[in-house]
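**Q** Following the hints, put chains D and S in place on chain L, whose structure we already have.
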Amino acid sequence: MDSIYLPRAYLITDVIQETDGEVDVKTFRLAAKSGESLDFMPGQFVELTVPGFGEAPFGFASSPKNKDYVELSIKRVGVVTQAVHDLSPGDAVWLRGPFGNSFPVREMEGANILYVAGGLGLAPLRPLIDYVFHPENREKYGKTKLLSAARTPADFIYKYDVGRWKECRDFEIFQTIDAPYKSWEGRVGFPHELLKTMEILPDSLYAVVCGPPIMIKYTARALKELGVCESRIITTLEMRMSCGVGKCGKCNIGRRYVCVDGPVMRLSDLAQMPDEY
Amino acid sequence: MTEEKLSIIEALKTICEDLFSKRVISRVLAFTEGEIKEIPVVSLITNPEGLKGLKWDESCNKPLAKLLLGLKPKTAIIARPYDARAVVMYINENQLKRDDVFIIGVGKDASDFPVFDAFAKDPSPLQSAREPSPSRGSLDFFLAEIDRCILCYACRQACWGCYCPSCFMERGIPDWTPAGVGREAKIAFHLGRTMHLAGRCVECGGCKTACPSGVNLKYLIDSLTQMCYEEYGHKAGMEEGARDPLSDYRCDDGQPGFLE
Amino acid sequence: MLLSASVKISSVKDALAALLKDYEVAAPVSDGANLLYSYITDPNDVVFSDQLPYKSPKEFLLPQTEKILAFGEDSAEDIQEAKKTVIFDVRPCDLSAFKRITDKVFSEGKFKDGFYMRRRKASATIGMACKSLKPGCFCNLRGIDKSYSTECDIFLTPAGEDEYIAAAHTPVGCDLLKSCFRSVPAAFSPEPAELSETLEICSEEKDVFEKVNWDAMSASCISCGTCTFVCPACHCFDFKDKGSVRYRVWDSCMYSAFTLHASGHNPRAGKPERFRQRFMHKYVYMLKNIGESACFGCGRCTRKCPAGINARRVLECIKAEAAGGSDG
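So the protein lines, in turn, are chains L, D and S.
Quick note on this note's numbering: the first sequence kicks off at -19 and runs consecutively.
Quick note on this note's numbering: the second sequence kicks off at -3 and runs consecutively.
Quick note on this note's numbering: the third sequence kicks off at 29 and runs consecutively.
I should point out that these hints are in silico values taken from the structure, not numbers from a laboratory.
Keep in mind that a hint or two might mislead.
To be verified - Computed beta-carbon distance windows for the label pairs: (1) SER135(S) <-> ASP183(L): 43 to 51 Å; (2) GLU16(L) <-> SER224(S): 52 to 60 Å; (3) SER175(S) <-> SER14(L): 31 to 39 Å; (4) GLU16(L) <-> LYS112(S): 30 to 38 Å; (5) LYS204(L) <-> CYS345(S): 33 to 41 Å; (6) LYS95(S) <-> SER14(L): 18 to 26 Å; (7) LEU161(S) <-> GLU0(D): 42 to 50 Å; (8) ARG179(D) <-> SER207(S): 31 to 39 Å; (9) PRO220(S) <-> THR(-2)(D): 43 to 51 Å; (10) SER224(S) <-> GLU0(D): 19 to 27 Å; (11) LYS204(L) <-> SER175(S): 41 to 49 Å.
As the list claims (entries may be wrong) - Below, simulated SDA-like cross-link-like pairs (lysine to any residue); rule was C-alpha separation at most 20 Å, straight line: (12) LYS132(S) <-> ALA244(S); (13) LYS138(S) <-> ASN81(L); (14) LYS299(S) <-> ARG19(D); (15) LYS55(L) <-> PRO84(L); (16) LYS70(D) <-> ASP243(S); (17) LYS13(L) <-> GLY100(S); (18) LYS239(S) <-> LYS55(L); (19) LYS33(D) <-> LEU161(S); (20) LYS159(S) <-> PHE216(S); (21) LYS1(D) <-> ALA116(D); (22) LYS299(S) <-> GLU166(D); (23) LYS68(D) <-> GLU179(S); (24) LYS13(L) <-> SER272(S); (25) LYS70(D) <-> ARG19(D); (26) LYS149(S) <-> SER(-17)(L); (27) LYS270(S) <-> LYS33(D); (28) LYS111(S) <-> SER(-17)(L).
None of the values given here were measured: they were computed from a predicted structure.
Every residue gets a Cβ at the ideal spot worked out from N, C-alpha and C, and that includes glycine.
With the rest of the complex left out, here is chain L (with noise of 0.2 Å):
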């Protein structure tokens, strides 16, 4: 049976320890044992499966140009996640994707990009910061420019990729965390406030805000108020879900399955939603 529930056999070829903060983040490259590629676009997830332990989702982190490989970054939360950081390079996971809508990198075309991240909410970004650098995609878009959050230094993910972007044309990137931290000598504050310190024009702006619900609300409403429309105001969204296709019941948001509606929804669709995520 061709079936939506049939997950496929995944090498874990590469293991990445991000943080060594307060959360615990790795980055799992994958390859399929097949050798099949897994197409898909910005913004969209995977229902990971270690046998025994349990299925969860994960948005893409790598590139979707790429494909020799995905990358999952995971934090060590609960029981599925537990039982990935547990695993080496060589085990075995199964994925079954891609579930999901993406980021709308067709409407975005033309426009400058502002992603704000906080902490984790940098993994489902990074395809599209790939995506956007890509060669064949650069010249389709304005300038960009990335504000990542994190609580300490220690939990910045990514850190290796800082260097690379740096190098693409046009792009800038502000890193902030939380609260004053020694040895850090960059910016401190909450991305909400760090906004009205930046140069934002507002006309031309695409802004994808990923991270906890409480920085996606805070800044979303920043953004807003400094002009960025709200339907150019874009997120993601992460809710419990088992199917992740729209059948179990658990994702929704009002009418709306963050599963197949989402995950990536604008301010405009979220205000019309219910306030239960």
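**A** Just chains D and S now, kept in the frame of chain L:
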């Protein structure tokens, strides 16, 4: 409804109206008449008007006291002896403050109630949904009941003793539950629940009356209740300030096991 | 209708015996305490009555627990066992729940649920007229004609003292009727039922969400989930893995763990939110998403609710409060 029951209802109404008018309570937790004769409605009555539909007959055998948890300010409960015992148990387990509940006992004899604030006499008190317990060790009976269980957890939700915010059956780490709803899962659930209720059961029979399949596994808990009484002289909810044997460890006790 | 015939009531047990040769047969039986649908081995165990079994027959299409996958070395294998099944004595309310809710949810749209569809395809339904509304029933307010349905393979309507008129609505139904039932062709033109005005919620989602006093509405609910278990239209599920086997199991929106994130965050942490979810999913979201409220008035939730919550009353209250002023 019989004359006798009607007069009890009148007595209850008078008590409650008085409490409302003196602003002693803000609501009454009781059974009221529903559209379906056999199915009484559990209601939180918030004004004297609402007392009209008060119901008191054999069908009023579903659990009530658990709904007191988290209710403030003062709520009156139309209580049978076991409701009063549940209140005492909640007070002893720091789940409820005595001042937040007004107990209106209904029963044959006020001495059946460990605590009460008002009392209405019911010469022929309602039977609790108790059935003769099968003999201990009847595996066939046990498995027949297990097979009828649909693992919906209604018994747990109805039970006064089961108020954990997250049940051991739903904990991921460690995962206690065999997958599915086969015998193993049901046995793990019911035996686990039974052990958690050792010395904490107020013998209301709610687990049985709430069960959509009519499963009766209360006798398992009954045997622990009996054992706790024989070994420790303890019965749940009989005395304010008492601690149940599971949470009252003493170095000098004989430490008899629950399982023989 | 493809075929209609008269069938002696006394011959139905013989028909069930004939069906048992090729099919699993699920039918109402008594377990001593309750009437419930169960697989039978002996037609004499079947209880013929006007009562509704206390659980719906959905478990034969979406079992409460079912092995679906086995993880091997390099591939996951589909291990579902879907045997050919005849579900006997299904009432119009349940037939509509299958046809209009679970069929739509699982078999239509971009993603198709092969496990449900395989069972559905392997199943035949023999419907039966309900003679009376049972306490708690309100199918008449939910657009259901209790005496007749076409949403099945064969429908049996009592005709006179000792016979049914069997109406076959599908080719499968025709085959079964011809091969397993001793029947005599008979004309049949069911009279269209007079239905009451449909009770449904017409208000906007946001109004229902915000205006209804869900705290008061759910005050006596004990979050037991019994309503979802006995309901023919509730279909939420979870996956559970043990060793190398994946199970699909029923889940219930009435449990707090249903939406609990691994992080501890819970978007529907409280009883009022979960109660709201159940009623809004049934009567608002489904109506909007698939054009049909997921309730056919079978009354099972009302009959089995330990707190005596009456679904029809709740529905009426929601409708009134959502349409009313902004106090709530």
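**Q** Work down the list of hints and note, for each, if the structure agrees.
**A** Checked hints:
1. Separated by about 46 Å at the C-beta atoms, SER135(S) and ASP183(L) satisfy the suggested range of 43 to 51 Å.
2. For the pair GLU16(L) and SER224(S), the supplied restraint of 52 to 60 Å holds, since their beta-carbon distance comes to about 56 Å.
3. For SER175(S) and SER14(L), the Cβ-Cβ distance of about 55 Å falls outside the hinted range of 31 to 39 Å, so the restraint is violated.
4. For GLU16(L) and LYS112(S), the Cβ-Cβ distance of about 35 Å falls inside the hinted range of 30 to 38 Å, so the restraint holds.
5. Hint check: LYS204(L) to CYS345(S), Cβ distance near 37 Å, so the stated range 33 to 41 Å holds.
6. Roughly 24 Å separates the CB atoms of LYS95(S) and SER14(L), a value that falls within the hinted 18 to 26 Å.
7. Taken as a hint, the range 42 to 50 Å is violated for the pair LEU161(S) and GLU0(D), whose Cβ atoms sit roughly 33 Å apart.
8. Range check, ARG179(D) to SER207(S): about 37 Å between beta-carbon atoms, so the 31 to 39 Å window is met.
9. Look at PRO220(S) against THR(-2)(D): about 46 Å separates their beta carbons, and that is inside 43 to 51 Å.
10. Take SER224(S) and GLU0(D): their Cβ atoms lie about 40 Å apart, and the range 19 to 27 Å is violated.
11. The hinted window of 41 to 49 Å between LYS204(L) and SER175(S) is violated, with their beta carbons roughly 57 Å apart.
12. A C-alpha spacing of about 33 Å is found between LYS132(S) and ALA244(S), which places the hinted pair above 20 Å, so the restraint is violated.
13. Using a Cα cut-off of 20 Å, the hinted pair LYS138(S) and ASN81(L) holds, with the two alpha carbons roughly 13 Å apart.
14. Distance check on the hinted pair: LYS299(S) and ARG19(D) sit about 28 Å apart at the alpha-carbon level, beyond 20 Å; violated.
15. Of the pairs offered as hints, the one joining LYS55(L) and PRO84(L) is violated, with about 26 Å between alpha carbons and a cut-off of 20 Å exceeded.
16. Taken as a hint, the LYS70(D) and ASP243(S) pair is honoured in the structure, with Cα atoms around 17 Å apart against an allowance of 20 Å.
17. Restraint check for LYS13(L) and GLY100(S): the C-alpha separation of about 13 Å stays at or below 20 Å, so the hint holds.
18. The hinted pair formed by LYS239(S) and LYS55(L) fails the criterion: a straight-line CA distance of about 38 Å is larger than 20 Å.
19. Restraint check for LYS33(D) and LEU161(S): satisfied, since their Cα atoms lie roughly 15 Å apart, inside the 20 Å limit.
20. A threshold of 20 Å between alpha carbons decides the hint, and for LYS159(S) with PHE216(S) the separation of about 18 Å falls inside it, so the pair holds.
21. About 11 Å separates the Cα atoms of LYS1(D) and ALA116(D), which keeps this hinted pair within 20 Å; it holds.
22. Restraint check for LYS299(S) and GLU166(D): the C-alpha separation of about 17 Å stays at or below 20 Å, so the hint holds.
23. With a C-alpha separation of about 50 Å, the suggested pairing of LYS68(D) with GLU179(S) is violated against the 20 Å cut-off.
24. Taken as a hint, the LYS13(L) and SER272(S) pair is honoured in the structure, with Cα atoms around 18 Å apart against an allowance of 20 Å.
25. Taking the CA atoms of LYS70(D) and ARG19(D), the gap is about 10 Å. The hint holds against a cut of 20 Å.
26. Straight-line distance between C-alpha atoms of LYS149(S) and SER(-17)(L) comes to about 16 Å, which keeps the hinted pair within the 20 Å bound.
27. A distance of roughly 45 Å separates the Cα atoms of LYS270(S) and LYS33(D); the hinted pair therefore is violated under the 20 Å criterion.
28. Taking the CA atoms of LYS111(S) and SER(-17)(L), the gap is near 19 Å; set against the 20 Å cutoff, the hint holds.
Checked against the numbered hints given earlier, this structure breaks hints 3, 7, 10, 11, 12, 14, 15, 18, 23 and 27; the rest are met.
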